[in-house]
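Enquirer: Take a look at the letters that make up each chain.
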Amino acid sequence: MATKQIPLADRPGARAALRRNWDLIWSDGLGRLGVILLGVVAVIAIFGPMLFPFDPKAVGRSAADILQPPSAQHWLGTDELGRDVFRAALAGSRISLLVGLLATAISILVGAVIGLVAGYYPGWPDSVLMRVTDFFLVMPTLPLVIALAALFGQSLGIIILVIGLTGWPSTARIVRSQVLSLRERQFVVRIRSLGASDLRIVGSHILPNVLPLIFANTVLVIAGSILSEATLAFLGLGDPVHVSWGTMLHFAFVSGATGRGAWWYFLPPGFGIVLVVLGFTLFGHTLDRILNPRLRERG
Amino acid sequence: MFRAGYLARKAGQLALTLFAVVTFNFVLFRVLPGDPLQLIARSGHLPPEAVARLRALFGLDRPLLVQFWYYLRNLSHAQFGFSFTYRRPVSSILAERMTNTIILLGAATVFIVLLGVGLGVFAAARRGSRADSGTVVTALVFWSLPTFWTGMILVFLLGVWLHAFPISGITTPGAVYSSWFDQTGDVVSHIFLPTVTLALVDIGQFILITRSSLVDVLTEDFILTAKAKGLSRRNVVWRHGVRNALLPVITASALYISLVVGGAIQVETVFSWPGIGRLIYDAVLRRDYPILEACFLIFAVTVILANLASDLLYQVLDPRVREA
Amino acid sequence: MRARTVAALLMVALLVLTGCTRSAKSGSTSLRVGWSSEPDTMNPLTTYSTEAQEVLQLVYDKLTEYDSSLKPEPGLATSFEYSSDGLSITYDLRDGVKWHDGQPFTSADVKFTFDLIHDQNLSEYGQWLTDMTSVDTPDASTVVVNFSKPQAFNPGLSIPILPEHIWSGKSAEDIQKFANDQPVGTGPYTFVQWKQGESLTIKRNDSWWGPEPAATQVIFVLYGNEDVMAQALKAGEVDVLTEVPPTIWDGLSGVDNVAAVSIPSFSFHHIGFNMSTDPKSQGNPLILDRTVRQALAYALDRNQLVQLALAGHGQPGSVLLPPAFGKWQLKIPADQQMNANPDQANQMLDAAGYTDTNGDGVREAPDGSPLEFRLIAIESTTVDVRAAELFRNAAAKVGIKLDLQTMDENTLGKTVYNTTDWDIFVWGWDSGVADPDYMLGIVLCSQIGGNNDIYYCNKHYDQLYDQQATTVDEAARMNIVHLMQQDFYDSAGYIVMWYQDKLQAYRTDTWTGWVQTPGGMVFNFTRDNYLNVTPVAA
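Chains as they are written, first to last, in the working numbering: chain C, 1 to 299; chain X, 1 to 324; chain V, 1 to 538.
Hints are computed from structural coordinates only; laboratory data are not their basis. A virtual CB, placed ideally from N, CA and C, is assigned to each residue, including glycine. Mixed in with the good hints there might be a few duds.
[To be verified] Computed from the model, here is a short list of chain C residues facing chain X with C-beta under 7 Å:
(1) T141
(2) I146
(3) A147
(4) P208
(5) L211
(6) P212
(7) I214
(8) T258
(9) F266
(10) G270
(11) I273
(12) V274
(13) V277
(14) T281
So that you can see chain C by itself, here it is in the shape it has in the complex (with noise of 0.2 Å):
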């Protein structure tokens, strides 16, 4: 006898989910347009540097190779030392994402860390993180993120640590939030009743349920940690050695490339940068709205 094959879209299981999901992002517009983004940027990032190396010692002969316009030979121009914009900003994108990424993976390991803990250990746990969570929320980011920086100093490795401390609140909040919920629902208050272990309920039921919605925060933590890191760099706490995107915007700033009218130099990055961002944001968003059922149905 044939079997029915039952259509992708509605089988069970995690693989069928994600395949699912994909097909809501991929259908909605503004999903789609995310997602493009994204892949351009990875190209970008990965093929770029590949292609077109950037060599920091390149500086130019003399001062007539400074801040010059687009050429043949140097197809966005030329920067305060005489070196090329356009492989500058390729190898750029390289540590504006690795700070990004790096700096998200710090936040969302510990903001879930503590989600988990405060959402399943209500009583005195949950009281102290929430208000350690509620000062980090209170405290401005920005000038605490400067203070940090100055503190430990300006390697990479310094400003992935600090950005990364400073982002997790909003992935705490939200990983508690739907711990707690999920904390009450029956199956897990009868697993728990069975003498099951708290690691394994952790583990096996609610990381699970809890996983998606990490994942939908991530995607906005990562816009955020780029912001974060190209702000610092732009004042001037990046690190001078690698180049960044915001490093550049910092070069081009106090080099004066806005009053010389220098667009080549403080476009591009920038460019970059929102491209980036908006990738991220847009992706996160419409992430947001499927995983959300109530926002899915509505609007």
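For this one, chain C is given, so just place chains X and V on it according to the hints.
Expert: Relative to the frame of chain C, chains X and V by itself:
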């Protein structure tokens, strides 16, 4: 109106958070490496005795706990200490800078509320349409713009290229005004670009928040009832929808202050606006602890109070809670 | 919808208001100066900022002033005379001078000021009075300052005279806290107002003893960054800029009605080596070998540094005194300088036994330790970071590895001055006065714990310093100063990278009469330009 227990609990939480902030403040800035006095000694060509004298003046030669005690005691008298850089009371420095930043924030808030909330309502009322998604995309683009970069572009386009607006300061230096109107006009022309730059990111955010909460509300039952009663769309959206949708917006506003501080630092840097943001940045570079402590404290307290206010306001406005 | 109409109305109102602002004009007898950093305090005894001194030099007078060629000219003292044994200086004071608050100025004020500074060794002025023994005031218009040793440098050129009736009775701690918000001096300008973070205004003192300056007001305007400051000059918002970074200055050349000037300065940027011979020092001992330091000096191309880090706006560095010092600077012929000669560096290192035994591109000493050193620079000083990178590349070419780390200025200062846990740094110096004494005195043994940033101690050099400080005859003194420079240059305690030009700019259509004094038209040891410029005839 509120139960005494609720208020007491809130007050207790407030006090705890405040104390945590104060302590964290103090620890953070004492732990920062780099000795401000060393830098001063060299650039000011100072002999070692003068440096030692300064150190004693600021109590930097005492153990940390003693310094903490002095710090708490001074705070209780609303004394924020002496700035290392300017060697005058921090409160005198903060007063004028604060005013300048508040002016800027005030102007930006007007923009944000009018455009952000206004466009959010506009989009929600037309949800699903092209106007709606267009607005949402615009909001998301605004949200993705780095504030400092927007500032740089506006400086270049409107300031340098078109000479349409001045690009720094609050007023034209050495200006002589023939009337009050003139003076206001001067300030307005100086404040325009920084305000737009500062407001842009938050306009995007508020459009989204307003729209999504209004969309939620607009599909609630009581709205359907109002529609069934035959009330006009304007009536439904404004009178019934917006008032209830404002709740999440108010909550967001409490967080707005911590968001906008970051923006203010960037805008004040790009446009040389003599405010608190710029002061903080310079103070970090020069390790001027007293100024930093004071500013952080003020921000933290403001946000805490704003949170408290919005919590209370929420209690008042939310019909569900009121019924309970 | 209503919201849209409201928004539209607001826009219209905005446009109307901004449109009407064109009528705000600046007073044509106001001199507007733009700078990117503001004073810290108006107290001359506690200030550390150049900006503060720029203002204070107009509010306070000195006994002797520098004119626009940096030669001494009468100030509050119409003349001064050294005694025959060189141990006293007698100043004849001007009559009829009044403080800004109307009180009369007398010799008691001078005595008070000198005694105060000497007794408490206050601020940078203290160093000129260390040998002072007493101050006599035979009458209200004469002051005799007595020293234990002859003084080559006339302290009247440096010390602002303070009013006794305002400053007396203050303890050392009081003075530290005294903000001096309304400074009272005898100078050509009186203090009006300081809007912190915005601008500082002073207005002309119509009862000043000197010729009346043309500017009725001087307004110092603060800009958050140099690019905007340059835009402001172009837009006519200010008349002159105190200091402009190289690439921004390039953008001002050729602009209508703006003159961009480049003037030799009293400053340099340098590479410093940890020369501490303390056995507990945490510096790499290999740096104590003069061959290594000289090899690094040979490896570095100063011209390239000037081209790339300064966009060409400077002179390649060599000796301790910058070219603004004129004849005091020792001129070493180019072919005798340790500069831009990596072959020579390689030879020297080979001959001294430093070879690359394991083929990793880095030389090792005979005992196997590699020629690898830590290099630190201030991250916010872009030119230093650039220079450090170029230095690192140059060193690599002669087999020396430099590990570059940037840090903020405070941390670098603390590391260099309070610890020995460093090897090489990049930093800079500005001279405190227009006399070579200050810069020569930086690397004295006695300045370890003071200005000496490299733990340098050379008794021979110190002896020469004492000699020149007490030699009043200029020619003889100049010889000694040249010897000192040669001595220090050979020791390679510093590698002076460049002497940056003072880059300034001014509008040609508002004020005229700017003299390009070595060290700068403004932001210099003389205030003459402020006093002598006149408005351009309309």
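Enquirer: Now tell me if each hint is right for this structure.
Expert: Verification of the hints:
1. A hinted interface residue such as T141(C) counts as satisfied when its beta carbon comes closer than 7 Å to some beta carbon of chain X; here the least separation is about 6 Å, so the hint holds.
2. Hint on I146(C) holds. Least Cβ distance to chain X is approximately 5 Å, under the 7 Å limit.
3. Hint on A147(C) holds. Least Cβ distance to chain X is approximately 6 Å, under the 7 Å limit.
4. The beta carbon of P208(C) is not positioned within 7 Å of any beta carbon in chain X (closest approach about 27 Å), and the interface hint is therefore violated.
5. A distance limit of 7 Å between C-beta atoms decides the matter here; for L211(C) the minimum to chain X is near 23 Å, and the interface restraint is violated.
6. The beta carbon of P212(C) comes no nearer than 19 Å to any beta carbon in chain X, farther than 7 Å, and the hint placing it at the interface is violated.
7. A cut of 7 Å between beta carbons decides the hint on I214(C): the least distance to chain X is about 20 Å, and the hint is violated.
8. For T258(C), the interface hint holds, since its Cβ comes within 7 Å of a Cβ in chain X; the closest pair sits about 5 Å apart.
9. Given the 7 Å rule on beta carbons, the hint for F266(C) holds: about 6 Å separates it from the nearest Cβ of chain X.
10. At its closest, the beta carbon of G270(C) sits 4 Å from a beta carbon of chain X; the interface hint therefore holds under the 7 Å criterion.
11. Checking I273(C) against chain X: minimum C-beta separation of about 6 Å stays under 7 Å; hint holds.
12. About 5 Å separates the beta-carbon of V274(C) from the nearest beta-carbon of chain X, less than 7 Å, and the hint is met.
13. At a threshold of 7 Å, the smallest CB-CB gap from V277(C) to chain X is about 4 Å, leaving the interface hint in force.
14. A hinted interface residue such as T281(C) counts as satisfied when its beta carbon comes closer than 7 Å to some beta carbon of chain X; here the least separation is about 5 Å, so the hint holds.
Going through the hint list in order, the structure does not satisfy hints 4, 5, 6, 7.
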